[in-house]
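Q: Line order of the protein sequences matches chains B and Z. Under numbering that gives the first Met the number 0, the first residue of the first sequence carries the number 0, and numbering increases by one thereafter. Under numbering that gives the first Met the number 0, the first residue of the second sequence carries the number 0, and numbering increases by one thereafter.
Honestly, the hints are just simulated from the structure, not real lab data. Note that the structure is predicted; figures quoted are calculated from it, not measured. All residues carry an ideal CB built from backbone N, CA and C; glycine is no exception. Just so you know, not all the hints are guaranteed correct.
To be verified - Mimicking DSS-like on lysine-lysine, the simulated pairs with C-alpha atoms at most 25 Å apart in a straight line are: (1) Lys21/Z - Lys433/B; (2) Lys12/Z - Lys170/B; (3) Lys170/Z - Lys12/Z.
Said to hold, decoys possible - On the chain B side, residues computed to face chain Z include the following (Cβ under 7 Å): (4) Met0; (5) Glu55; (6) Asn61; (7) Asn78; (8) Ala325.
Unchecked claim - In silico contact screen, one side only, chain Z against chain B (beta carbon under 8 Å); selected entries: (9) Val57; (10) His68; (11) Asp79; (12) Arg99; (13) Gly101; (14) Ile102; (15) Ser106; (16) Asp120; (17) Asp324; (18) His329.
2 protein chains.
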Amino acid sequence: MFESAEIGHKLKKSEFQKEEPKLRQALLNVQYRLLEKSKFPVIILVNGVDGAGKGETVNLFNEWMDPRHIHTHAFGASNDAERARPEMWRFWISLPPKGRIGILFGSWYTDPILQRVMGNDGSGEFQQRLSRIRDFERMLVAEGALILKLWFHLSKDAQKTRLKQLSEKKKTAWRVTKEDWKHFKRYDEFVDVCEPALRETSTGEAPWNIIEGSNHEYRSLTAGRLLLAALERRLKAPAKAATATKAPPKSVIVRVDKRDVLNTADYSVKLDRDSYQKQLDKLQGQLNLLTRHKKMRERSIIMVFEGMDAAGKGSTIRRVTRAMDARFYHVVPIAAPSDEERAQPYLWRFWRHVPPHGHAVIFDRSWYGRVLVERVEKFCTDADWQRGYHEINEFEEQLAEGGAIVAKFWLAISQAEQLKRFKERGTIAHKQFKITDEDWRNRKKWPAYELAVADMIDHTSTDIAQWNVIASNDKPWARVETLKRLVETIEQQL
Amino acid sequence: MFESAEIGHKLKKSEFQKEEPKLRQALLNVQYRLLEKSKFPVIILVNGVDGAGKGETVNLFNEWMDPRHIHTHAFGASNDAERARPEMWRFWISLPPKGRIGILFGSWYTDPILQRVMGNDGSGEFQQRLSRIRDFERMLVAEGALILKLWFHLSKDAQKTRLKQLSEKKKTAWRVTKEDWKHFKRYDEFVDVCEPALRETSTGEAPWNIIEGSNHEYRSLTAGRLLLAALERRLKAPAKAATATKAPPKSVIVRVDKRDVLNTADYSVKLDRDSYQKQLDKLQGQLNLLTRHKKMRERSIIMVFEGMDAAGKGSTIRRVTRAMDARFYHVVPIAAPSDEERAQPYLWRFWRHVPPHGHAVIFDRSWYGRVLVERVEKFCTDADWQRGYHEINEFEEQLAEGGAIVAKFWLAISQAEQLKRFKERGTIAHKQFKITDEDWRNRKKWPAYELAVADMIDHTSTDIAQWNVIASNDKPWARVETLKRLVETIEQQL
C-alpha cells in the first residue's frame with residue numbers, strides 16, 4: 000500500500016514556484032464557488048506518520064485559500080464534556096456546514112490505529128471500529144459531503160532523518176516531542192496496523208490518498224492538486240450526483256396477510272382510576288430512585304417518544320418528567336430544522352442534544368422522522384430513508400457504547416380513537432391549539448404511516464434499543480405501561 | 000429586606016388544592032401564547048437559602064407547564080471548557096431562545112455571594128460584580144427578555160428545622176448534604192451578604208421577588224402567581240414596550256470643526272517592496288513565537304477586524320493567519336445572523352465563538368456592527384445602538400478578565416482609494432465576486448459611516464481594548480503596521 004510513497008518523490012523548487020501561484024488561484028476560485036453555492040460541505044481528513052508534513056500542509060491550505068471559510072480542528076486528549084458522551088461525539092459536532100471546508104487534524108482514524116498499535120484493542124475490536132468508520136463516512140457522503148482523506152507517509156529511514164533534522168534546528172526543535180520519538184520506535188508496528196486500516200476504509204465514496212511526505216514541494220503540490228481535483232469534480236457534477244449512490248433494493252418486508260404490529264395490538268387494555276394512581280405513584284418513585292442511582296453518574300438516559308398524532312406523547316412525557324428532578328433532564332421537542340441544522344447531515348440536530356453522563360434527554364419525536372414523516376411525505380428520496388434504518392441502528396449502538404440507556408416508545412392508538420380525540424380537541428377550548436388542518440391531512444395517510452411504522456419497528460427494534468409498542472387508547476394504561484417499561488429498561492442496564 | 004419573609008407565611012392545604020388547578024391551567028395557557036408568538040425569552044433565576052424549596056418549585060413549574068418548552072440549567076462546579084473562558088460564558092450560552100422558558104438554578108448570583116461570604120472577594124470586588132450583573136440584566140431586558148428573579152428565604156430557625164426534617168426522613172435524607180450544614184453555620188454571614196446583593200440588583204427592569212420558603216403551599220402558589228403575573232403583563236404589553244427603556248440622550252460627540260480620527264489620519268504612509276517583505280517576515284516570526292509562548296496556555300487572543308468596504312480586511316487577516324498554526328486559530332466571518340442567532344440577544348452570536356485558553360479567534364467584522372451598519376442602516380433603534388457602547392465595553396472587559404488579549408483594528412482608507420479599488424475589482428476577473436451593488440450603495444453613505452466610526456472609537460477605545468486605526472491606502476504599510484501593533488499588544492499582555 001505504501002510502496003509508491005517510499006520511492007523518494009521529489010519536485011524541483013523552481014517547478015513548484017512556477018506551479019504554486021496557478022494552483023493557489025484555482026483553489027481560491029473553487030473555494031468561492033463552493034461558498035456561493037453552499038450545496039455541500041468539504042471534510043478533509045489529515046492523518047499519517049509524524050514528521051510527514053501534515054501540519055505544514057494544513058497551514059498551506061489555509062494560506063492558499065481564504066482562511067475565513069476554513070475551520071481547522073485538532074483533536075487531542077478528550078475534555079470533560081467529550082468523555083461523558085459517545086466517542087464520535089466530538090467529531091459529530093465539529094463537522095463543517097454546507098459551503099465550508101473543515102480540516103480534521105487527527106481524525107476518527109487516530110484513536111483506533113493507536114489503540115491497536117498499543118495493543119489495547121484486539122483484532123476484532125479494531126475491525127469493528129473500521130467498519131463503523133466506513134458506515135459513518137458512507138452516511139456523510141450520502142448526506143452530500145465531499146470527503147477528502149489525505150495520508151502523509153514516510154519510510155522508516157525518511158522519518159528518522161526528518162525527526163533529526165527538525166530536532167537539530169533551533170527554530171523547529173519544538174515541533175519534535177518525546178511522544179514523536181516514542182512513536183518512531185514503533186514504526187513497524189504502526190505501519191502494520193495502518194496498512195489494513197487504510198485498505199479497509201478506502202472505499203469508492205471516500206478513498207484514501209497516500210502522499211509521500213519527505214519533499215516539501217512534492218507533498219504540497221500533490222495535496223493541493225488532490226484537493227483542487229476533488230472540488231472541481233464535485234462542483235461540476237449534477238446536483239444530485241453525490242447522493243445518488245444507487246438506491247438499495249427496497250428492504251421493506253412484504254406482509255401478505257396485512258397483519259402488522261399496529262393492527263394486531265390489543266387496544267382494549269384498560270386501567271381503572273384507583274389502580275392507575277397507585278401504580279403511577281409507585282413507578283414514579285422507582286424511576287426517581289433510579290435516576291439518583293450511583294451508577295447513573297457514568298450513564299445517561301435517552302428516551303424517544305413517537306406515535307400518531309393525538310396518541311398522547313405530551314401527556315405521557317409529563318408523567319415521566321414528573322418523576323425526575325428538573326436538573327436531571329431536558330426535553331427536546333423536534334420541529335422543523337433551523338437553518339443551521341439544514342446545513343448539516345440529518346442526524347446533526349440530534350447529535351447536538353446527546354446528554355452527558357448523569358443526565359437524561361427526552362426526544363418528543365426524533366431521528367425516526369427520517370423513516371416516518373420524511374418517507375411518507377417524500378421529503379427525502381427512497382434511498383435516503385432506506386439507508387436510514389442502518390444509520391439509526393449504528394447511531395443508537397454508539398449511544399449505548401457511550402454509556403446511554405436508550406428507551407424507545409411507540410404510543411399506538413386505533414384509527415377510531417384518533418378520530419374521537421381529534422373531535423374532542425376541536426370542541427374543548429383549551430385544547431384547540433392542539434388540532435390543526437395538518438393533523439387531518441396526516442390522518443388520511445394512515446395506511447402509509449402504518450406501513451412505515453411497522454417497517455421501522457422491524458428494522459430498528461434491536462437488542463441495544465428495543466421498541467416498546469404501547470397500546471394507548473386508554474391513557475392511564477399507556478402511562479403506567481410506559482413507566483413500567485422504562486423502569487425495567489433502566490434496571491436491566493444498571 | 001427579609002422581614003416579610005420571616006413572618007411564617009402559610010396557606011391551608013385545602014385552599015391550595017382549590018387554587019392549584021386554576022393556576023396550572025392559566026400558566027399552561029400563557030406558556031402556549033408565549034411559544035406561539037415567540038417574541039421574547041423568559042429567564043427565571045432561582046436563588047435563595049438551602050432547604051427553602053428551590054428545587055421543589057422548579058419541579059412544580061415543570062409539572063404545571065409543558066416541560067418540552069422549558070429548559071432547566073443547574074450550575075455547579077465549572078468544567079474544563081468553562082474554566083478556559085470568561086466567568087459569564089456558561090450563562091451566556093445557556094440562555095433560552097425567544098418563546099421558551101429557561102430556568103437558571105444557581106444563577107450568576109451564586110458565585111459572587113459565595114465568594115463574598117467566604118471572604119475571597121473584598122467589598123470592592125463584590126460591588127463590582129453586582130454592578131456587572133445589573134448591566135447584564137439591563138442588557139437582556141433591553142434585548143427583549145423577561146427576567147423573573149425568585150429568592151427563596153428561610154429564617155435561621157426555619158432553616159434549621161427544615162434541614163433536620165429532611166435529614167430525618169429516609170426518603171429525603173439524600174437531599175441534605177454536608178455542604179448544606181456547612182452553609183447553615185454561616186447563616187448570619189450569608190444573610191448579611193445577600194441583603195445588599197438583593198438590594199443593589201433589584202432594579203426596575205428586573206426586581207427580586209422574595210418568597211418565604213417554609214410552607215409548601217404558600218411558597219408554591221406565590222411563585223406560580225408571580226410567574227403568571229409576569230407573563231400575562233408582558234404578553235399584554237405592546238410589542239415594543241419591553242425594549243422601550245427611554246432612549247438615553249444622544250451621547251455622540253459634537254464635532255464643531257468636522258475633524259475626526261478618520262479624516263485627520265495620514266493616508267500617505269507607504270512601504271517599499273523590500274522593507275515590506277523583510278518586516279513582514281520578521282513580524283510573522285515574532286507573532287508565531289508569541290502564540291507558542293508558555294503563558295499562552297492560560298490566555299487567548301481575540302482579534303477584531305473592521306473597516307470600510309475594500310479596506311483590505313481579508314488580505315490583512317491572511318497575513319496574520321499565515322504566522323500562526325492552523326490548529327491555534329479560527330476565523331469567524333460575520334454575515335447575516337442565522338435564525339437561531341436571531342432568537343437570542345445581539346451578543347449571543349459572538350458569545351458562542353469565544354475561544355478557550357490557548358486559542359485565538361479572528362472576527363472579520365464583529366459586535367461593532369451594532370454601532371456601525373445597524374446604526375447607519377437603522378436596523379436597530381437609536382436606543383439600541385446607543386446602549387451598545389456600554390454593553391460592548393462591558394463585554395470586552397469580561398473577555399479580558401477571562402484571560403483574553405483583545406486587539407481591535409480599524410483599517411482606514413480614503414474615499415478616493417476606495418473608489419479606485421472598487422473600479423479595479425470591477426475589471427479584474429477573479430476579483431469581480433468581491434464587488435456588489437451593495438458596496439456602491441454603502442459608499443454613498445460614507446459620511447454617516449464616518450461619523451459612526453468616529454463615535455465608535457471615541458466610546459470603545461479603552462485601556463482594556465484599544466482601537467488601532469491603521470491607515471490602509473498602502474496595503475504593505477497596513478499589513479506591517481497591523482502585525483506590529485498586534486505583536487506589541489500581545490507582548491505587553493504576556
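Q: Determine for every hint whether it applies to the structure shown.
A: Checked hints:
| no. | hint | result |
| --- | --- | --- |
| 1 | Lys21/Z - Lys433/B | 20 Å, holds |
| 2 | Lys12/Z - Lys170/B | 77 Å, violated |
| 3 | Lys170/Z - Lys12/Z | 22 Å, holds |
| 4 | Met0 | 27 Å, violated |
| 5 | Glu55 | 10 Å, violated |
| 6 | Asn61 | 5 Å, holds |
| 7 | Asn78 | 4 Å, holds |
| 8 | Ala325 | 4 Å, holds |
| 9 | Val57 | 5 Å, holds |
| 10 | His68 | 7 Å, holds |
| 11 | Asp79 | 4 Å, holds |
| 12 | Arg99 | 10 Å, violated |
| 13 | Gly101 | 11 Å, violated |
| 14 | Ile102 | 7 Å, holds |
| 15 | Ser106 | 13 Å, violated |
| 16 | Asp120 | 26 Å, violated |
| 17 | Asp324 | 6 Å, holds |
| 18 | His329 | 6 Å, holds |
Of the numbered hints stated above, those contradicted by the structure are hints 2, 4, 5, 12, 13, 15 and 16, listed in ascending order.
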